[in-house]
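Build the full structure now, drawing on both the sequences and the hints.
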Amino acid sequence: MRIAALDQGTTSTRVLVASQDGSADIQLALRHQQHHPQSGWVEHDPLELLANLQRCLEASGRVDAIGLANQGESCMAWDARSGEPLSPLIVWQDNRTTPHIERLRASGAEALVLERSGLPLDAYFSASKLGWIVEHLPAARRALKAGRLRLGTSDAWFLDRLCGTFATDVTTASRTALMNLAEGRWDPDLCALFGVPIECLPEIRDTVGHFGVIGNTPLVRVTRFDTGPCTLYLKLESQNPGGSIKDRIGVAMIEAAERDGRLRPGGTIVEATAGNTGLGLALVGRAKGYRVVLVVPDKMSTEKVLHLRAMGAEVHITRSDVGKGHPEYYQDVAARLAQDIPGAFFADQFNNPANPLAHECGTGPELWAQTGHDLDAIVVGVGSSGTLTGLTRFFQKVQPELEMVLADPEGSIMAEYSRSGTLGTPGSWAVEGIGEDFVPAIADLSSVRHAYSISDEESFAMARELLRVEGIPGGSSTGTLLAAALRFCREQKEPKRVVSFVCDTGTRYLSKIYNDQWMTDQGLLQRKHYGDLRDIIARRFEEGRVISVGPDDTLLTAFQRMRLADVSQLPVLDDGKLVGVIDESDILLGVHADAPRFRDAVSSAMNAAPETLAPGASLAQLQAVLDRGLWRSLPMPAASTA
184 MRIAALDQGT
194 TSTRVLVASQ
204 DGSADIQLAL
214 RHQQHHPQSG
224 WVEHDPLELL
234 ANLQRCLEAS
244 GRVDAIGLAN
254 QGESCMAWDA
264 RSGEPLSPLI
274 VWQDNRTTPH
284 IERLRASGAE
294 ALVLERSGLP
304 LDAYFSASKL
314 GWIVEHLPAA
324 RRALKAGRLR
334 LGTSDAWFLD
344 RLCGTFATDV
354 TTASRTALMN
364 LAEGRWDPDL
374 CALFGVPIEC
384 LPEIRDTVGH
394 FGVIGNTPLV
404 RVTRFDTGPC
414 TLYLKLESQN
424 PGGSIKDRIG
434 VAMIEAAERD
444 GRLRPGGTIV
454 EATAGNTGLG
464 LALVGRAKGY
474 RVVLVVPDKM
484 STEKVLHLRA
494 MGAEVHITRS
504 DVGKGHPEYY
514 QDVAARLAQD
524 IPGAFFADQF
534 NNPANPLAHE
544 CGTGPELWAQ
554 TGHDLDAIVV
564 GVGSSGTLTG
574 LTRFFQKVQP
584 ELEMVLADPE
594 GSIMAEYSRS
604 GTLGTPGSWA
614 VEGIGEDFVP
624 AIADLSSVRH
634 AYSISDEESF
644 AMARELLRVE
654 GIPGGSSTGT
664 LLAAALRFCR
674 EQKEPKRVVS
684 FVCDTGTRYL
694 SKIYNDQWMT
704 DQGLLQRKHY
714 GDLRDIIARR
724 FEEGRVISVG
734 PDDTLLTAFQ
744 RMRLADVSQL
754 PVLDDGKLVG
764 VIDESDILLG
774 VHADAPRFRD
784 AVSSAMNAAP
794 ETLAPGASLA
804 QLQAVLDRGL
814 WRSLPMPAAS
824 TA
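If you use our numbering, the sequence shown corresponds to residues 184 to 825, in order.
Treat the hints with care, as some may be off.
Here are the simulated PhoX-like pairs of lysine-lysine, each with C-alpha atoms no more than 25 Å apart in a straight line [as the list claims (entries may be wrong)]:
#, residue 1, residue 2
1, 580, 679
2, 507, 482
3, 760, 711
Please keep in mind that the hints were generated in silico from the structure rather than gathered at the bench.
Here it is as structure tokens:
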């Protein structure tokens, strides 16, 4: 077991990692600045502290638990929806509220404070500082009026930003001079005395959180591909607990809806999803006790659908061959379900501001810290566009010259729209999770400098190559992003540092991308061409891909093989020789009223061997055979009395 202990003091942040053998080493120590806007005032930049904390987490490597100790009396304000600071962090040494404390003492208030909180009236404690923030900072007052103000110590902000948990432990709360020591809760009279809105304070409870469980994913360098003059890194979003980058927005959208009152205990979460957002919503939503209803297009992998149902989500499958506005379009179906289900919350990732905020406040700062504030380009895809928009907003603030590179499946309209501003005619594509036939309302393409349209064939081949060469299993969208990233890198004339994403894990695509037969059936896998009839046969006998049965196998065996291979006919082979064909309908017609006949031999129900053609036969000869019928049916024999 390895435990990381994070210590954030007045002037530095450091992390010590202790191992089960008793060894302990400081992995990283970082200084941070103190600011003194006026005499006696002492402040820190909350974003600098957060960045240092994240760098220390990165330096810790894989750990089993994380502990955080910090300045328990330092406090601040932040926005409930975005998590952005609304004030500096006012440090415990700060004495700006000393005159206010003296006035309270003169009024006789110290007796009440001492009786309820067990603490004397002193500017050292955060109560008077929090009251000063609310009284003097316009951003805090605006947030209070909008119902979006949060107040607390720095540890409460860290927990909120890194874990989505708005809480503080009883020990820290007891050092604010706002907690009723006898009752273990915020005291309304003390809050009123100091001018602190009690509804803006965190819940007092155990603050066992899960730092880095969602987010803080590894960044690895690509070493076995030709990246031209550039250095290419991949951020492994597949390492999130739900297996994809969409875990980030799943927790963000749920918690934003809880804060706004749109999602209440016992409620229902409804969403239209390519699968991964649904997994993120199910991961968080089911753990919180919500019903989760998801609408999924029928082109999504079987593994995704099974995973969603295994997590307790209700899955509705709808058509993937229709566009927005059609009654069976998956987003429109989800919107109708949300209207029809009492107490439902429609997550609506395509229009939900919490989607890009998750990346602006999480993914972006992580990348900036992981790359040492040295990054030139990011390659992303567009589904809901949350990743692109969130990263664009963040990097426009810290690195305005950074290039956003769009990777788009052929058939999607997004690449052409980013290049010319025109909406083309959408086509179809097999890649899952990215590409659109409309421009999402939250899409911000202002930083996109390059856009690449990548074919399904290249996307799938690149995903397979990534696994073979780098040992990283990624999904189809990962293949699209990697193909575009490599094109961009190879086109550059000077070195650049480039980042892209492994959007989700490849284990969700074992029946598709990593299944040679499925790839062949879809025309996505290159194989030997003969220039004759063999080229139109998906499963070639000489390649050992023919699924067959023997004449002595049971009808049940034949039926099970059809179900497993998703076919309705099987050739019957005897010592490699074609002796007949068995059809699913022949089996079912024979056994529907006589289930024991499943034990009968295949020879009892098979059709005679069909006509055969030489590989060099013409298409006209093939058409003639098809017109005559493939085979003649044999009568089903009477049931055996044995």
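Hints breached by this structure = Failing hints: none at all.
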